[in-house]
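Trainee: Residue-level listing of the chains:
Protein chains: 2
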Amino acid sequence: MNFADWMSAVQDRTEAALATYLPPADTLPARLHDAMRYAALGGGKRVRPLLCHAAGAVFDASSDELDRAACAVELIHAYSLVHDDMPCMDNDTLRRGKPTVHVEYDEAIALMVGDALQSLAFQVLAETPAAPSRHSRLSSMIALLAHAAGSRGMAGGQAIDLAAVGRTLTLAELEQMHIHKTGALIRAAVLLGGHCGEADDAALANLTHFANRIGLLFQVIDDILDAEASTATLGKTAGKDAAQNKPTYVSLLGVSRAKELAAELRDNALAALASFGARGERLAGLTRYIVERDF
Amino acid sequence: MNFADWMSAVQDRTEAALATYLPPADTLPARLHDAMRYAALGGGKRVRPLLCHAAGAVFDASSDELDRAACAVELIHAYSLVHDDMPCMDNDTLRRGKPTVHVEYDEAIALMVGDALQSLAFQVLAETPAAPSRHSRLSSMIALLAHAAGSRGMAGGQAIDLAAVGRTLTLAELEQMHIHKTGALIRAAVLLGGHCGEADDAALANLTHFANRIGLLFQVIDDILDAEASTATLGKTAGKDAAQNKPTYVSLLGVSRAKELAAELRDNALAALASFGARGERLAGLTRYIVERDF
Chain L
1 MNFADWMSAV QDRTEAALAT YLPPADTLPA RLHDAMRYAA LGGGKRVRPL
51 LCHAAGAVFD ASSDELDRAA CAVELIHAYS LVHDDMPCMD NDTLRRGKPT
101 VHVEYDEAIA LMVGDALQSL AFQVLAETPA APSRHSRLSS MIALLAHAAG
151 SRGMAGGQAI DLAAVGRTLT LAELEQMHIH KTGALIRAAV LLGGHCGEAD
201 DAALANLTHF ANRIGLLFQV IDDILDAEAS TATLGKTAGK DAAQNKPTYV
251 SLLGVSRAKE LAAELRDNAL AALASFGARG ERLAGLTRYI VERDF
Chain U
296 MNFADWMSAV QDRTEAALAT YLPPADTLPA RLHDAMRYAA LGGGKRVRPL
346 LCHAAGAVFD ASSDELDRAA CAVELIHAYS LVHDDMPCMD NDTLRRGKPT
396 VHVEYDEAIA LMVGDALQSL AFQVLAETPA APSRHSRLSS MIALLAHAAG
446 SRGMAGGQAI DLAAVGRTLT LAELEQMHIH KTGALIRAAV LLGGHCGEAD
496 DAALANLTHF ANRIGLLFQV IDDILDAEAS TATLGKTAGK DAAQNKPTYV
546 SLLGVSRAKE LAAELRDNAL AALASFGARG ERLAGLTRYI VERDF
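The listed protein sequences derive, respectively, from chains L and U.
1 is the number of the first residue of the first sequence in this note's numbering; add one for each residue after it.
296 is the number of the first residue of the second sequence in this note's numbering; add one for each residue after it.
If we strip away everything but chain L, and leave its shape as in the complex, we get (with noise of 0.2 angstroms):
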């Protein structure tokens, strides 16, 4: 299967997942479980499942396994853009080219969602069908997911950004908030695809050095789309970032030096991935993609 066949296959079965796992939209309350799939379904290229799937295919983890972990990290993804869009922290009104959740439903509703999401995310993962033997594994799948999400991993680094508003951070503290505020949940996509190919320590090792590379470019790279895309490119409100006075790739190197990191960052990320040989490919391809989204 070529590389855009395999993402499409991998966004395809995420969604069916998804609305699978997302409560029917007429069960009670319906307002609230017709606002969790609105926010959750029909959206977004599914960058933490293909992350996923591309790591668990290193080590032949089955495909059901890693549904299950890779919506669990979507979900929290998910209830993160709902409560970041609130009023109260970036006050946003549109996102993936829809209005967001407090737009389209209200304020209650998206705290509620975003709330949800999350608890369902531990739940599709708690819920993995799986042999005796792999539970202890499961549990260190939830403890792991738990952590890149809270306050030491990506509900930290959202602390750490509204902190750092019109303030003058260094290159090593825009770093240290995005290894937690986008960083941790990419890096927990990766290992728990690891994980559901019961990758060993080194193996672990080197998806971690990986995807520590992967998540700093990608937040470079959204950087430098949000400074030169245009609202309708990005689906969601472009240059905020300078409107907001916010500290970025882009305001501290400039357009051109934020490039060449990026290339950096890829060279870096690909070497990660050497020892996987041929079994790396698909974490390369979303390397290369990653560089190249201009979404």
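Simulated from the structure, these hints should not be mistaken for laboratory data.
One thing to keep in mind: the hints can contain errors.
FRET-style restraints, in silico, Cβ to Cβ [to be verified]:
1. N245(L) / L499(U): 39 to 47 angstroms
2. A497(U) / A131(L): 25 to 33 angstroms
3. S357(U) / D26(L): 42 to 50 angstroms
4. D64(L) / E493(U): 40 to 48 angstroms
5. D64(L) / R574(U): 18 to 26 angstroms
6. A569(U) / A9(L): 53 to 61 angstroms
7. E493(U) / A16(L): 31 to 39 angstroms
8. F3(L) / P319(U): 56 to 64 angstroms
9. T503(U) / A16(L): 54 to 62 angstroms
10. P24(L) / D359(U): 37 to 45 angstroms
Quantities reported herein were computed from a predicted structural model and do not represent experimental measurements.
For glycine and all other residues, C-beta sits at the position ideal for the given N, C-alpha and C.
Using the hints, position chain U against chain L.
Mentor: Chain U only, in chain L's frame:
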């Protein structure tokens, strides 16, 4: 140990365990961690941890394992209070005699505190040190807690509650709301205690029956206290149900009939403990405590 001493001991060890599980207030992001500790420590009667330990006592469960389950439930409860108090929800300014988190800090911090406490709950439970043979049950326990917290449990109950403000509910509709909003987490506390002690299916069925009665009992008493007590005694804003025109057992039944219902639920709860004999004494003690409480 008499009942009062047992209660104090469980409350103390819950506080100590929570203080250990929560990130130190001086680790980054410090303001978020400080606010998480503000929200979760030093307050509350720890009813859910007490129920968890009391259910575990029926089956001689390990106290260390019960601490994990009890604190996981309490962290979910603590997160729900922080989010429920926010301006877009109940907009309350006082909780356990202290300013609510969004008043003491700000709304963005309150949002992130709730989010991070929820993640921590699942991390604490997933990191339970357990023999390999116990991990299959641990996965079930995590799924149980996630379901109880989510859109078909507590968060769903909150959505039903908000949709009911200003409407006239039937007694059956009010019960449906509370079975979700407070009942689901109380049931989770009791069942997790049983799971810690390797309770079998028949015992879990008895615990479920007991927990369903206790959950409603707790809410009926809450409504009576809200109608009768003062803000100083409650440590939270009293009389707010009536002020917000929220349906309650007292508004539907009157105080006198609500008290009769409480007595009936108490007797049914105690009857569900019969098969446990003397080992159910802590659960029986808590049932009486909930009826007689003035908090």
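Trainee: For a quick check of understanding: which of the numbered hints are violated here, in increasing order?
Mentor: Hints 1, 4, 5, 8, 9 contradicted; others consistent.
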